[in-house]
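Participant: Taking the hints into account, I'd like the entire structure generated from these sequences.
Anchor point for the sequence shown: position 97 equals 97 in full-length UniProt numbering, and the numbering is continuous, going up by one each time.
Bear in mind the hints are in silico, worked out from the structure with no lab data behind them.
Mixed in with the good hints, there may be bad ones.
Stated by the list, open to error - Straight line, CA to CA, 27 Å or less: simulated DSSO-like cross-link-like pairs of lysine-lysine:
#, residue 1, residue 2
1, 117, 186
2, 161, 92
3, 196, 92
4, 108, 29
5, 49, 92
6, 29, 161
7, 26, 92
8, 196, 180
9, 147, 108
10, 92, 147
11, 196, 178
12, 26, 161
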Amino acid sequence: MDYNSIYKNKNLFGTEPHWLVRKILKYKKSGTVLDIGAGQGRNSLFLAKNGFEVTAIDTSAEGIKKIQESVARDGLSVETEIADINGFKFEKQYDVIVVLFALQHLIKDDVPVLLEKINGHTALYGLNVVAAFTTEGDFYKLQRNRKYFYPAPGQLKETYKDWNVLEWEEKQSTAFQKDKEGRQLKNLTSFLISQKR
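Facilitator: Here it is as structure tokens:
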């Protein structure tokens, strides 16, 4: 998808934060956040409004531009960076790292290295908040060469077996994209909040 073109012309995901991000407030009231694949910033802006120090990164210049416009308008403090997560320099520990629906854009062989970096730069008792489409869904079936990362059902929870899993759910979700017949694509999706211990 050409997110620059999409973000330039519409607010694709709306302004309300994802329900999983809202749940962060059950476990953390403040701290540093890294939002990977921040898009147009609905989750970053929500967390900044609730007192977190947020760094938002995305490959889309248009997405980052929209975040900067919202930050300037609302007087919020959000650092932004146009970056591919594989090239992002982790230079500090974060209390919360958010990775919602970004993993399927990555080559599957790169993901274990990325998750190791994410885990290593999460502060003790910090949170990883992850949502990922699984192999049980339309996105995975439509891949031509299966080079992108889609975890098997249950795989994400297993990845965090040494952490304290606070929230875990797998359920069918509907994507914004449609198939050739105009039907919205459906995917079994993993949702996780895990705490480093």
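Participant: Each of the hints needs a verdict: does it hold here or not?
Facilitator: Taking the hints in turn, this is what the structure says about them:
| no. | hint | result |
| --- | --- | --- |
| 1 | 117 / 186 | violated (30 Å) |
| 2 | 161 / 92 | holds (24 Å) |
| 3 | 196 / 92 | holds (16 Å) |
| 4 | 108 / 29 | violated (33 Å) |
| 5 | 49 / 92 | holds (22 Å) |
| 6 | 29 / 161 | holds (25 Å) |
| 7 | 26 / 92 | holds (24 Å) |
| 8 | 196 / 180 | violated (42 Å) |
| 9 | 147 / 108 | holds (6 Å) |
| 10 | 92 / 147 | violated (30 Å) |
| 11 | 196 / 178 | violated (37 Å) |
| 12 | 26 / 161 | holds (21 Å) |
Taken one by one, the earlier hints fail for this structure at numbers 1, 4, 8, 10, 11, listed in ascending order.
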